[in-house]
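A.B. asks: Given chain F, put chains G and P in place with the hints provided.
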Amino acid sequence: MDACGTQAAAAAAGGEGTQRTLYPYVTGNSVIAMKYKDGVIMACDTGASYGSTLRYKSVERIKAVGKHSLIGGSGEFSDFQEILRYLDELTLSDHMWDDGNSLGPKEIHAYLTRVMYNRRNKFDPLWNSLVLGGVKKGPKGDEKYLGMVNMIGTHFEDNHLATGFGNHMAIPILRAEWREDMTFEEAIKLIEKCLLVLLYRDRSSINKFQIAKITTEGSTIYPPYALKTNWGFSAFENPSKGAVGTW
Amino acid sequence: MARFDPYENNGGTCVAVAGADYCVVAADTRLSVGYSILSRAHSKIAHLADKCVLASSGFQGDIKALQKNLTAKELVYEHNHNKKMSCPAMAQLLSNTLYYKRFFPYYAFNVLGGLDSEGKGCVFTYDAVGSYERTGYSAQGTGATLMMPVLDNQLKSPSPLLLPARDAVTPLSESEAVDLVKDVFASATERDIYTGDSVEIVVINSSGTHRECIELRKD
Amino acid sequence: MFRNQYDTDVTTWSPAGRLFQVEYAMEAVKQGSACVGLRSATHAVLAAANKSANELSSHQRKVFRVADHAGVALAGLTADGRVLSRFLRSECINHAFVYDAPLPVSRLALRLADKAQVCTQRSWKRPYGVGLLVAGLDESGAHLYYNCPSGNYFEYQAFAIGSRSQAAKTYLERRFEKFNDYTPDQLIRDALSAIKETLQGEKLTSSNCTISIVGRKDDGTVEPFSVIDAKRIQEIIDSMEAADEVPPADAPAESSSMQEGDDTGAAGADPAAPADAPAPMDI
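Protein chains in written order, with the working numbering: chain F, 475 to 721; chain G, 5 to 223; chain P, 96 to 378.
So here's chain F without its partners, still in its complex pose:
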């Protein structure tokens, strides 16, 4: 899902002045998330690009949804904010029943999947990849949940997930090093390793990250921080040196 296009979105098949998203304008990058011992941890950078321009540098792309869930969004930022409004309405009305029942991460994910799939059916997609994680007490003990859904409604669960570039760069690392029983510290270390690789290799990522966790105690979204980078690798100093066909 690459960002492109500075032209105005034209109304096509919709006729009479309706507009649908033909391509995204302002896009956020990868979100990575994984389960760990006590819950789910999620991370992304705080940048949003307008095409190839880094347009916003301090946006929050991870939010809490209700009491038991976290959502992370990449892709069109305005659509993500619209989805947050949907979820706000949903969790508010759920809370207002005040009957001891509440939507857990599995239910929110199922709902989001319906929203995304219905919009693609109308050829009016919400241009996002969404990651939904959470924990909720169930009849069989604490149940961790981590799932994702994309702009056309493809959805699945897994122990670790990444959207966008992260699917290429972070998933191989997670597949090699992830364990179910990781402590919070170990999980942070692994997540930071993934973020650093993305920072080095994804041109549109920035060095300002946000990490969030959710456990049965509730969710915590930590303030943004930067990672220590090292650009002194010899391969970075003269990358084309020795490459055939260059000067």
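Just to be clear, a hint being listed does not mean it is correct.
[As the list claims (entries may be wrong)] Here are some chain F residues pointing at chain P (derived, C-beta under 7 Å): (1) Tyr-499; (2) Asp-573; (3) Gly-574; (4) Arg-588.
[What the hints assert, rightly or not] For lysine-lysine, the following DSS-like pairs were computed, each having C-alpha atoms within a straight-line distance of at most 27 Å: (5) P:Lys-312 with G:Lys-88; (6) P:Lys-146 with G:Lys-87; (7) G:Lys-72 with F:Lys-611; (8) F:Lys-618 with F:Lys-511; (9) F:Lys-618 with F:Lys-541; (10) G:Lys-124 with G:Lys-88; (11) F:Lys-618 with F:Lys-663; (12) G:Lys-222 with F:Lys-511; (13) F:Lys-511 with F:Lys-667; (14) F:Lys-702 with F:Lys-537; (15) P:Lys-326 with G:Lys-88; (16) F:Lys-702 with F:Lys-682; (17) G:Lys-72 with G:Lys-88; (18) G:Lys-222 with F:Lys-667; (19) G:Lys-87 with P:Lys-312; (20) F:Lys-596 with G:Lys-72; (21) F:Lys-611 with P:Lys-312.
Rather than coming from a laboratory, the hints here were simulated on the basis of the structure.
Note that the Cβ used here is the ideal one computed from N, Cα and C, for glycine as well.
C.D. replies: Chains G and P in isolation, oriented as in the chain F frame:
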């Protein structure tokens, strides 16, 4: 420039083999898009009724929508008729459901397996817009072209041209059929990049349904 | 002859602040054969007394499965009840389609109540003439609701509706405090005993009652709503009768003295009824 495409192919292969008193339904658990693997453990199989199992490959969003739709309609049927839907009834319902979206189809390739009202194994195989046929065995999805000739060779179903029509169920025993299914999946995994990780096998017989998972190559 | 001026239309108030058409609908509930519901912390049981309209006919179905986690028992106009249980079933299916989870019982009961309420405020409609006991399971445990034609609904530990239900209520009122810790089997036995109270001397057999149960097993899985088969019911009835014969039984014998008509006195809908008597809708 990237333009909106409402479809994607998430790959995968589904197989069903019917015997005299059993039916084996199997699908791999890999979910991919392009050259990426999204998940290694995603089930493509839905239990629609107690003697009726659906395996589907294609676009995962459509598959789930289709399977949910059928589950909901099966529940309505159960409420109205006080019994579970039979496999041949579900087969017709699936066809109608697919054809209903003839001009914006479900991108889903289905094999439906189960037992008919006489307790005999049955397999129904579909295209994306609802045309279907009752057979003794079938494969659908990205690895189908690799598996189907092997199944043809091993199961030797009687020619559909014979009159009067012969029984299409395979002569194999249940365990032989399960072994054959394992073999064709292991083989397809060698050459089809969209098939792999593991295969989920569901066996339906008079004692109920039984599920097992076998590991496949992960590359 | 005196004629009530305020009962020709659902939307017309009487000067005493009553809606007679709605009260008449609630009378219809009392005409139906009795239904009983009771629950523990984890299980809910619904029971119904089966009455056939005449010797030659079978009885009408009184207990309906709504979904795996919920069901209803109804008294009154069974035809209205069928329409409402179809509504409840589709609500459950729709909720499961969107959220991949069962619809919580309180929300199910409320949607039903909202549907009934609409009929009390539209001149071209008729209130549903049926009372429903809604039993089900959600994340806060087992629940039992009574939905009545007025649109009111109440949560109960145990309740009974329909003809001669007062006898069953009396029985339940004496015992309900222990229900929360009951095993499923104990719930079924008390449901049978309560139904027996409504039969007015008629012998309780598996053919004149229907018992259903829903709940959560010890391992956390749902025991889906199902009607218990007649053979097992008969076994339970037989074992209860055998047990009854041994001790002198503290069991009640006052069933005939506690009958309907002794509570709200709306039967005749007499407009001259004392203004301070509670309207049946309040109950």
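A.B. asks: For each hint, tell me whether it holds in the structure or not.
C.D. replies: Here is what the structure says about each hint:
1. Using the Cβ-Cβ criterion of 7 Å, the hint placing F:Tyr-499 at the interface with chain P is not satisfied: the shortest such distance is roughly 30 Å.
2. The restraint placing F:Asp-573 at the interface with chain P holds, with a minimum CB-CB distance near 4 Å, inside the 7 Å limit.
3. The beta carbon of F:Gly-574 is positioned within 7 Å of a beta carbon in chain P (closest approach about 4 Å), and the interface hint is therefore held.
4. This hint holds: F:Arg-588 has a C-beta 5 Å from the nearest C-beta of chain P, less than the 7 Å allowed.
5. For the suggested pair P:Lys-312 and G:Lys-88, the alpha carbons sit about 24 Å apart, so the restraint of at most 27 Å is met.
6. Taken as a hint, the P:Lys-146 and G:Lys-87 pair is honoured in the structure, with Cα atoms around 25 Å apart against an allowance of 27 Å.
7. Between G:Lys-72 and F:Lys-611, the direct Cα distance comes to roughly 26 Å. Compliance with the 27 Å bound is thereby established for this hinted pair.
8. A distance of roughly 9 Å separates the Cα atoms of F:Lys-618 and F:Lys-511; the hinted pair therefore holds under the 27 Å criterion.
9. In summary, the hint linking F:Lys-618 to F:Lys-541 is supported, as the alpha carbons are separated by about 13 Å, within the 27 Å threshold.
10. Between G:Lys-124 and G:Lys-88, the direct Cα distance comes to roughly 17 Å. Compliance with the 27 Å bound is thereby established for this hinted pair.
11. Proposed proximity of F:Lys-618 and F:Lys-663 is supported: the alpha carbons are some 20 Å apart, at most 27 Å.
12. Only pairs whose Cα atoms come within 27 Å are accepted, and G:Lys-222 paired with F:Lys-511 is accepted, the gap being roughly 26 Å.
13. Pair hint F:Lys-511 plus F:Lys-667 holds up; C-alpha atoms about 19 Å apart against a cutoff of 27 Å.
14. A distance of roughly 25 Å separates the Cα atoms of F:Lys-702 and F:Lys-537; the hinted pair therefore holds under the 27 Å criterion.
15. Taken as a hint, the P:Lys-326 and G:Lys-88 pair is honoured in the structure, with Cα atoms around 22 Å apart against an allowance of 27 Å.
16. Annotation: proposed proximity of F:Lys-702 to F:Lys-682 holds, straight-line Cα distance about 11 Å (limit 27 Å).
17. Proposed proximity of G:Lys-72 and G:Lys-88 is supported: the alpha carbons are some 16 Å apart, at most 27 Å.
18. Distance hint between G:Lys-222 and F:Lys-667 is fulfilled; the C-alpha atoms sit about 24 Å from each other, no more than 27 Å.
19. For the given pair, G:Lys-87 sits about 24 Å from P:Lys-312 by alpha-carbon distance, which is consistent with the 27 Å threshold.
20. Between the alpha carbons of F:Lys-596 and G:Lys-72 the distance comes to roughly 19 Å, so the proposed pair stays at or under 27 Å and holds.
21. Note on F:Lys-611 and P:Lys-312: the hinted pairing holds, with a Cα-Cα distance of about 17 Å set against a maximum of 27 Å.
Hint 1 from the earlier list is the only one contradicted by this structure; the remaining hints agree with it.
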